[in-house]
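Trainee: Sequence:
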Amino acid sequence: MSIAIPSGLVQNGTGIPQVCTRHGEAASVGKPVKFWSKPPIWSYFLIILGALPFLIVTLILRKEVRAQAWPFCPQCEKTHKNRLITGIALIALLPLSFVVASGAGDTGALLTLLGLVAAFAGLLVLARGAYRMLPGGFASRDGSTVDFPKAHPQFVTAAHAAYAQAAQQYAAWQAGQHAPYAQPTVGYQPPQQ
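Numbering (the numbering used here), first residue to last: 163 to 355.
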């Protein structure tokens, strides 16, 4: 299921249910998360000109929505820790491959290449295990919502309930406000100068 939560509710925390986005389980911890917008499709054609033009356009057009405490379940925490350990272990193979390659003779270049490939794979595993990536959400192009295209159905139900509760709180607050141009009450005397 998919859902789009208004960014204002994500930033102040009122529209965030205490349910995991991926698994639909009760949250055990809240971590700060940044949701970024996807780059426009046309920006990928800039890779032909080099990585720098693509990076510049992506950074300029990127919208960011920050959640102060996004909910994660124990299963997400375990995934994060496993990917962190795996990524660091793969990156640690790079210096080890240099040491082994120095005494390996003819196969040294191959070992160094394998170490580089393992380190690159480690970086990818680390990126996929970051708390920013685990919820599977991204900001819309205009930054008005945070979209979750593969949200768990229990998260979607809880998000709708959190949105309704936030709307009720706002309506109650708004009803308690004074009218901006209210009629003066009987017996009111304006201050004398």
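Watch out, some of these pointers could steer you wrong.
Once the Cα atoms are required to be at most 20 angstroms apart in a straight line, the calculated SDA-like pairs of lysine to any residue come out as [claimed, not checked]: (1) K193 - L256; (2) K200 - G284; (3) K196 - Y293; (4) K243 - G284; (5) K196 - A271; (6) K196 - Y332; (7) K196 - A281; (8) K193 - R245; (9) K243 - Q173; (10) K196 - I253.
By construction, these hints were calculated from the structure, which means they are not laboratory data.
Trainee: Now tell me if each hint is right for this structure.
Mentor: Status of the hints after comparison with the structure:
Of the supplied pair hints, the one linking K193 and L256 is violated, its CA atoms being roughly 31 angstroms apart against a limit of 20 angstroms. Taking the CA atoms of K200 and G284, the gap is near 23 angstroms; set against the 20 angstroms cutoff, the hint is violated. Between K196 and Y293, the direct Cα distance comes to roughly 9 angstroms. Compliance with the 20 angstroms bound is thereby established for this hinted pair. With a C-alpha separation of about 14 angstroms, the suggested pair K243 and G284 falls inside the 20 angstroms cut-off, and the hint holds.
The suggested pairing of K196 with A271 is violated, with an alpha-carbon distance near 40 angstroms, which exceeds 20 angstroms. Restraint check: the Cα-Cα separation between K196 and Y332 comes to about 25 angstroms, which exceeds 20 angstroms; the hinted pair is violated. For the hint linking K196 to A281, the alpha-carbon distance of about 25 angstroms lies beyond 20 angstroms, and the restraint is violated. Restraint check for K193 and R245: the C-alpha separation of about 17 angstroms stays at or below 20 angstroms, so the hint holds.
Between K243 and Q173, the direct Cα distance comes to roughly 26 angstroms. Violation of the 20 angstroms bound is thereby established for this hinted pair. Only pairs whose Cα atoms come within 20 angstroms are accepted, and K196 paired with I253 is rejected, the gap being roughly 25 angstroms.
Of the numbered hints stated above, those contradicted by the structure are hints 1, 2, 5, 6, 7, 9 and 10, listed in ascending order.
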